[in-house]
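Assemble the whole structure, with the sequences as input and the hints as a guide.
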Amino acid sequence: MSQVTARLRGRYDRNLWFAIFVGPFVLGLLVFVYIPIVWSVVLSFFDAHNTVTPTKFVGLGNYLDMLRDAAFRSSLITFVVFAAFIVPTTFVLSLGLALLVNRARFAKTFFRSVFFLPTASSYVVAALIWKLSIFNGVRFGLANTVLGWFAIEPVAWLSVTQPPWYWLVIVSARMWLQAGFYMILFLAGLQRISPSLYEAAAIDGATGWRVLRYITLPQLRATSTAVLLLLLINAFQAFDEFYNLLSSAGGYPPYARPPLVYLYYAALGQGQDFGHGSAGAVILTLLIAIVALAQGRIVGLGRRDD
Amino acid sequence: MQRSGADKAGSAVRYVVLIGGALLFLLPFYLLVRNGLSTEQDITSPSWKFFPSSLQWGNIGELFRDPAVPMARSLVNSLVIAVVQTAGVLVISGLAGYGLARIPFRYANAVFYFIVATLLIPAAVTFVPSFVLVSTLGWVSTLRGLIVPGLFQAFATFLFRQYFLGFPRELEEAAQLDGTGYWGTFWRVVVPNSMGFIAAIGTITFIGSWNAFLWPLVIAPDQNAWTVQIALSTFLTAQTINLPQLFIAAAIAILPLVVIFIFLQRWIVQGVERSGISE
Numbered sequence: 001m002s003q004v005t006a007r008l009r010g011r012y013d014r015n016l017w018f019a020i021f022v023g024p025f026v027l028g029l030l031v032f033v034y035i036p037i038v039w040s041v042v043l044s045f046f047d048a049h050n051t052v053t054p055t056k057f058v059g060l061g062n063y064l065d066m067l068r069d070a071a072f073r074s075s076l077i078t079f080v081v082f083a084a085f086i087v088p089t090t091f092v093l094s095l096g097l098a099l100l101v102n103r104a105r106f107a108k109t110f111f112r113s114v115f116f117l118p119t120a121s122s123y124v125v126a127a128l129i130w131k132l133s134i135f136n137g138v139r140f141g142l143a144n145t146v147l148g149w150f151a152i153e154p155v156a157w158l159s160v161t162q163p164p165w166y167w168l169v170i171v172s173a174r175m176w177l178q179a180g181f182y183m184i185l186f187l188a189g190l191q192r193i194s195p196s197l198y199e200a201a202a203i204d205g206a207t208g209w210r211v212l213r214y215i216t217l218p219q220l221r222a223t224s225t226a227v228l229l230l231l232l233i234n235a236f237q238a239f240d241e242f243y244n245l246l247s248s249a250g251g252y253p254p255y256a257r258p259p260l261v262y263l264y265y266a267a268l269g270q271g272q273d274f275g276h277g278s279a280g281a282v283i284l285t286l287l288i289a290i291v292a293l294a295q296g297r298i299v300g301l302g303r304r305d306d
Numbered sequence: 001m002q003r004s005g006a007d008k009a010g011s012a013v014r015y016v017v018l019i020g021g022a023l024l025f026l027l028p029f030y031l032l033v034r035n036g037l038s039t040e041q042d043i044t045s046p047s048w049k050f051f052p053s054s055l056q057w058g059n060i061g062e063l064f065r066d067p068a069v070p071m072a073r074s075l076v077n078s079l080v081i082a083v084v085q086t087a088g089v090l091v092i093s094g095l096a097g098y099g100l101a102r103i104p105f106r107y108a109n110a111v112f113y114f115i116v117a118t119l120l121i122p123a124a125v126t127f128v129p130s131f132v133l134v135s136t137l138g139w140v141s142t143l144r145g146l147i148v149p150g151l152f153q154a155f156a157t158f159l160f161r162q163y164f165l166g167f168p169r170e171l172e173e174a175a176q177l178d179g180t181g182y183w184g185t186f187w188r189v190v191v192p193n194s195m196g197f198i199a200a201i202g203t204i205t206f207i208g209s210w211n212a213f214l215w216p217l218v219i220a221p222d223q224n225a226w227t228v229q230i231a232l233s234t235f236l237t238a239q240t241i242n243l244p245q246l247f248i249a250a251a252i253a254i255l256p257l258v259v260i261f262i263f264l265q266r267w268i269v270q271g272v273e274r275s276g277i278s279e
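As they're listed, the protein sequences go chains A and B. Count the first sequence with the UniProt record's numbering and you get residues 1 to 306, in order. Count the second sequence with the UniProt record's numbering and you get residues 1 to 279, in order.
No lab work stands behind these hints, which were simulated from the structure alone. Beta carbons are placed, not taken as given, at the ideal position from N, Cα and C, and that holds for glycine. Misleading hints may appear alongside valid ones.
Only pairs whose alpha carbons sit at most 20 Å apart, straight line, appear in this in silico EDC-like list of lysine to aspartate or glutamate [unchecked claim]:
1. A/K56 <-> A/D273
2. A/K108 <-> B/D7
3. A/K108 <-> B/E273
Ranges of calculated distance between the beta carbons of each label pair, as one might list FRET restraints [to be verified]:
4. B/E62 <-> A/Y34: 46 to 52 Å
5. A/R73 <-> B/G196: 44 to 50 Å
6. A/A70 <-> B/V16: 46 to 52 Å
7. B/L171 <-> A/V38: 40 to 46 Å
8. B/I19 <-> A/V138: 29 to 35 Å
Stretches of chain B that chain A covers, calculated by requiring three or more beta carbons in the stretch to come under 8 Å of a beta carbon on chain A [to be verified]:
9. 124-137
10. 213-219
11. 226-239
Pasting the structure below:
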């Protein structure tokens, strides 16, 4: 015992101190992140209906089933469609807001706060406002009221698939919630651009669009890459707004099921099929890891704009 | 410097766009409060009114008195989870980040890679395996099951490490000359001089925890363990909906975060900047 305290007091025993500082975190990571992942990979090779200690080995069977499953493939297509809407629109909106706020001469902090405030909202609350107030499918919904001024018939926003108006609801909710977050990242990037570049451009007589095109945007390249990657990864993990906007007492409709919604119903719905659910999780994890690696960086960690 | 007419016009246009945009961004918040303080008839009236005909402050009391809605219980659950998770992440990741940044250890690099490797795997995608583990532990519908898996955030540890790498060494060296070890230096010198950064990570963690949805949905089916987000979601997707009650409940659920955003915005902005692009 006295030996232990002596070692602790002597601040030269660094290994012990390293273990005290880093050990709890590494242990937690091992138990709550690594073990579930390894367990899940094991389950993905077994027939694991309603059990987490299965005995029937099925090899790659679950993976082949998943890849053959039209609903799984369609969830990947849903993600692609969703990303094709949400990534460019949020990117342009948040960059535009950042440029406007950055050049505001007064009330700059006020406007920044207003655009950033929706980040405080959860997707559940946003879905609630969108579903029951703005895009309520009956006549008293706000969007339908506005359409009514132009003598346009009310639209059942979330329950029609031809045309798929539900995309407008889903995408606009996420845009409202996220744009301010990315605006903050762009504002930080804008502040790192050296004023001397703008002074040089002014001397050369460059104004407006040319300054934006030849100085601002190239200087924001690193920020833009990080924002695009974050938008993509977050879109891949979309669940909350889909679930809360579309599911009802009657269940979740057969359309607009992104990967996590598919996985939720496949693995934890009726039957608790952990074998297929795990195989699906492994496939999705590999897909997202490949995207992140292809970008050559992890969640936007990397160089500054310089 | 004289400003040209075109410049002034451009500035005016920018402000028109800014004000229009600000009104659009604030509209959902207004709808939340407006509907929450309306009667059902006001909300569903075919002629849409901007202001309700009378403000129903009684909706708040009714919400908390309704035995079918576990509003108070779910607010307490959310608060306990968010506070414990925030404090836990700050201590666990703060210590780990400092150890990685400052305590020499032969395998420190291997440990670091062991940690950042998990950043490649988005937390949400692993909800199936996490559910399997936590249900095996018997933690379904318990506060433990809701809190503990969220205590080990590789990203927070990574950010703390980066931050402590840039912490001025002179301050620590002065303490170490006085014979203070790693533990004392960390708590008495490093932590008091890093409150800004700690506040930034803390606010971001709190917001994420309060607004979390998928994990509480998966792990806490029992009504006693509902967080406020799950309570809202359950009534939002139910057969019959009490509109004013649901809106006022959502307004109350969002209120703590709006207050945090208004008063602690400086730290949140720093946290977002750090977590988006690290230096």
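Cross-check of the supplied hints:
no. : hint                         : verdict
1   : A/K56 <-> A/D273             : 13 Å, holds
2   : A/K108 <-> B/D7              : 18 Å, holds
3   : A/K108 <-> B/E273            : 18 Å, holds
4   : B/E62 <-> A/Y34: 46 to 52 Å  : 48 Å, holds
5   : A/R73 <-> B/G196: 44 to 50 Å : 48 Å, holds
6   : A/A70 <-> B/V16: 46 to 52 Å  : 49 Å, holds
7   : B/L171 <-> A/V38: 40 to 46 Å : 42 Å, holds
8   : B/I19 <-> A/V138: 29 to 35 Å : 31 Å, holds
9   : 124-137                      : holds (count 12)
10  : 213-219                      : holds (count 4)
11  : 226-239                      : holds (count 7)
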